[in-house]
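Take the sequences, apply the hints, and build the full model.
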Amino acid sequence: MQLDHLVINTGLGMDGAAAIFADLGFHLTPRGHHSLGSINHLMMDPVSYLELVGVPATGKQRQDVLDSPIGLSGLVFRSDDAGATYARLRSEGFDPQEPILLERPVDVEGTEQMARFHNVRMTFAEFPVGRVYYCQHLTPELVWRDEWLDHSNGFRGITSMTMHSPDPAAEAARYARLAEGRAERRGDGWAVVGTGFDMMIRQGADAFTDATLTFDGVERIAARASASDAATWQEAGEGAGILTIASLGVTLRCQSARPAAA
1 MQLDHLVINT GLGMDGAAAI FADLGFHLTP RGHHSLGSIN HLMMDPVSYL ELVGVPATGK
61 QRQDVLDSPI GLSGLVFRSD DAGATYARLR SEGFDPQEPI LLERPVDVEG TEQMARFHNV
121 RMTFAEFPVG RVYYCQHLTP ELVWRDEWLD HSNGFRGITS MTMHSPDPAA EAARYARLAE
181 GRAERRGDGW AVVGTGFDMM IRQGADAFTD ATLTFDGVER IAARASASDA ATWQEAGEGA
241 GILTIASLGV TLRCQSARPA AA
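Letter by letter, the sequence shown follows residues 1 to 262 of our numbering.
Source of the hints: derived by calculation from the structure; they are not laboratory data. Backbone N, C-alpha and C fix where the C-beta goes; we use that ideal spot for every residue, glycine too. Treat the hints loosely; a few may be bogus.
Unchecked claim - Quick list of simulated restraints, FRET-style, between CB atoms: (1) A87 - E147: 28 to 38 Å; (2) H33 - G217: 26 to 36 Å; (3) L36 - E180: 21 to 31 Å; (4) L101 - A170: 43 to 53 Å; (5) Q234 - E141: 32 to 42 Å; (6) D64 - P30: 16 to 26 Å; (7) Q2 - D64: 17 to 27 Å; (8) A87 - S228: 19 to 29 Å; (9) Q234 - Q203: 19 to 29 Å.
As structure tokens, this is what we get:
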């Protein structure tokens with residue numbers, strides 16, 4: 001199981017959401033315009049990213065984005081071959097949608113190039129928690145660029161996501177099959193363990209509840225969150241805190257990637 005990215009849905013409120021995350025010290029990529037009718041900004045780490053997605057105020061608008069709840073609403077796994085991923089999921093008894101090509105222009109040093117993706121989406125009938133899919137990057141060099149990896153708040157990566165399910169044990173087993181992870185009992189719930197990324201599943205109504213991010217120390221993100229009118233910061237032990245953005249219903253658990261002081 002390898003994470004590609006997590007999605008935060010902003011609906012029609014992209015401008016405000018982008019301003020909040022920029023104020024918190026994340027380096028947002030320039031706004032992207034997808035061929036299917038959505039817009040986005042990315043917050044990159046070396047192997048994955050957080051995506052703000054929304055729809056433009058006018059013109060073509062993606063219905064699945066409009067139908068998704070505001071906030072943490074998408075979980076995307078990495079695929080090296082969308083066709084092979086689709087075939088494997090079918091063989092596992094899932095009912096994925098056929099691979100679909102997605103494109104958006106990217107400005108690279110003044111030249112417009114086309115970033116291309118091959119996605120395999122799961123249906124809401126199978127995964128009512130939110131938008132769950134696989135993404136194959138056909139042009140990764142247009143997504144992971146050095147200039148987009150430098151965040152003034154020290155953002156380093158995404159290590160886990162928590163969700164609720166009416167049946168955590170069954171859901172963990174299903175996600176383990178879906179994403180080729182390993183399900184195991186952990187505390188008051190179930191975990192699905194992958195490569196550098198884990199999922200935690202607890203009892204409750206279907207929902208993505210929070211994600212855990214790592215930073216090169218949490219001092220800078222704590223200071224920015226504390227100074228923000230749009231976010232709150234709660235200390236959660238040494239080198240850790242909880243960042244909440246109420247307008248988006250987003251909770252991000254922040255941890256230092258530095259070893260704790262002896």
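**OP:** Of all the hints given earlier, name the ones this structure violates by number, lowest first.
**Re:** 4, 8
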